[in-house]
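Those protein sequences? They're chains A and B, same order as listed. So the mapping is simple: this note's numbering equals the position in the first sequence, first residue as 1, plus 6. So the mapping is simple: this note's numbering equals the position in the second sequence, first residue as 1, plus 6.
Any given hint could turn out to be false.
One copy or any two copies: either way a pair holds, since identical chains are not told apart in the list.
List time: in silico DMTMM-like cross-link candidates among lysine to aspartate or glutamate, alpha-carbon distance up to 25 Å [what the hints assert, rightly or not]: (1) LYS37 to ASP175; (2) LYS37 to GLU79; (3) LYS37 to GLU174; (4) LYS20 to GLU87; (5) LYS20 to GLU128.
The set of hints was computed from the structure by calculation and includes no laboratory data.
There are 2 protein chains.
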Amino acid sequence: MPDFHRSIPEGDDKERLVCRDCGFIAYENPKLIVGSVVSEGERVLLCRRAINPRRGFWTLPAGFLEMAETAEEGARREAWEEAQARIAIEGLLAVFSIARIGQVQLIFRAGFAAPGFAAGPESEEVALFDWAEIPWAEIAFPSVHWALRAWRAAAGRPLGAPASNPPEDARGTVPLPQGSGL
Amino acid sequence: MPDFHRSIPEGDDKERLVCRDCGFIAYENPKLIVGSVVSEGERVLLCRRAINPRRGFWTLPAGFLEMAETAEEGARREAWEEAQARIAIEGLLAVFSIARIGQVQLIFRAGFAAPGFAAGPESEEVALFDWAEIPWAEIAFPSVHWALRAWRAAAGRPLGAPASNPPEDARGTVPLPQGSGL
Ligand SMILES: [Zn+2]
Ligand SMILES: [Zn+2]
Numbered sequence: 007m008p009d010f011h012r013s014i015p016e017g018d019d020k021e022r023l024v025c026r027d028c029g030f031i032a033y034e035n036p037k038l039i040v041g042s043v044v045s046e047g048e049r050v051l052l053c054r055r056a057i058n059p060r061r062g063f064w065t066l067p068a069g070f071l072e073m074a075e076t077a078e079e080g081a082r083r084e085a086w087e088e089a090q091a092r093i094a095i096e097g098l099l100a101v102f103s104i105a106r107i108g109q110v111q112l113i114f115r116a117g118f119a120a121p122g123f124a125a126g127p128e129s130e131e132v133a134l135f136d137w138a139e140i141p142w143a144e145i146a147f148p149s150v151h152w153a154l155r156a157w158r159a160a161a162g163r164p165l166g167a168p169a170s171n172p173p174e175d176a177r178g179t180v181p182l183p184q185g186s187g188l
Numbered sequence: 007m008p009d010f011h012r013s014i015p016e017g018d019d020k021e022r023l024v025c026r027d028c029g030f031i032a033y034e035n036p037k038l039i040v041g042s043v044v045s046e047g048e049r050v051l052l053c054r055r056a057i058n059p060r061r062g063f064w065t066l067p068a069g070f071l072e073m074a075e076t077a078e079e080g081a082r083r084e085a086w087e088e089a090q091a092r093i094a095i096e097g098l099l100a101v102f103s104i105a106r107i108g109q110v111q112l113i114f115r116a117g118f119a120a121p122g123f124a125a126g127p128e129s130e131e132v133a134l135f136d137w138a139e140i141p142w143a144e145i146a147f148p149s150v151h152w153a154l155r156a157w158r159a160a161a162g163r164p165l166g167a168p169a170s171n172p173p174e175d176a177r178g179t180v181p182l183p184q185g186s187g188l
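Turn these sequences into a full structure, and let the hints guide you.
Here is the structure:
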């Protein structure tokens, strides 16, 4: 395997991961997460994670955008992979920056394009929850809270400007609470 | 340098770039571009590119998001680097997917936070243009057209849902015209 160390390549102005053996530069770029709040009537779709981080906690169907996908295509693929759901995207609900881990999340608002859902390989369980039944103490990530609140705030209304980070974590730098299962 | 070939790593379901010598997997992830339409009154700020691709053509201040930045921080940094402008971001104007090259672009609407602008190292020239004076034939990328049209359509109004790709290039797969300087 390559033996990476941090140094500033010639002509650059930032530290990168450079291989000591062959000089290969592994640029670390922020990753793009695409996902959706999928609802039916008053209920929203959540997936209980079968994988780490945060195995056993509930999340939205979301994951890394792949090459050659549009953001919407990626969100539809993730809903299929994680929740075996065919979704119809309405529009962009929220954009969150999680600077601590170099992520930007694009969260869409969606409904079902076809009936049915089931746990995909990365989910232990998939279910629709009424707002009052959402297992808030068992939500996987802060941004899932944020997205659900944004969904609730816009419920029954046309989508406007997307939500962004809440003021208490404007840069997405607050780590998960200790003992949160990570 | 590593000797990459395309193959499907164990446990994966897509072709990746894998080094023949050491097995290192160079995941290709979509890149996130952050930029802004910066305006003063009726005029918008454009930069004439001093670097390839599309050297000599006009573009918005925009570039790759870096690790540990929020999307807004990245857009402010790019406005400073390329146009020596301190900008105040109002909100998200557009989200474009350029699937052909694995890019998602987040384009903000912004004004000047402080007076003044000048060409940074990657720009030959920076200028404010009235709508009627925009050098349409010398615009660097289709998405710059799209962003300027979205800006014009929303001018004088609060930002609503962000614009996305136009129907004629819904996935961002139409290549640049031949002889366009690439
Ligand atoms: Zn190496
Ligand atoms: Zn190697």
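Review point. Should LYS20 paired with GLU128 be assigned to within, between, both, or neither, using CA atoms and 25 Å as the limit?
Key: Result: close only across copies, 17 Å inter versus 36 Å intra.
Check your understanding: When no copy is specified for LYS37 and ASP175, does a C-alpha distance of 25 Å or less occur within a copy, between copies, both, or neither?
Key -> both (19 Å within a copy, 24 Å between copies)
Exercise for review: Go through the copies and call it for LYS37 and GLU79: within, between, both or neither, with a Cα cutoff of 25 Å.
Suggested key: both (16 Å within a copy, 16 Å between copies)
Check your understanding: Is it within, between, both or neither when you check LYS37 against GLU174 at 25 Å Cα-Cα?
Key -> within (23 Å within a copy, 27 Å between copies)
Check your understanding: Given a CA cutoff of 25 Å, do LYS20 and GLU87 count as a within-copy pair, a between-copy pair, both, or neither?
Key -> between (37 Å within a copy, 14 Å between copies)
In summary, this structure violates none of the numbered hints.
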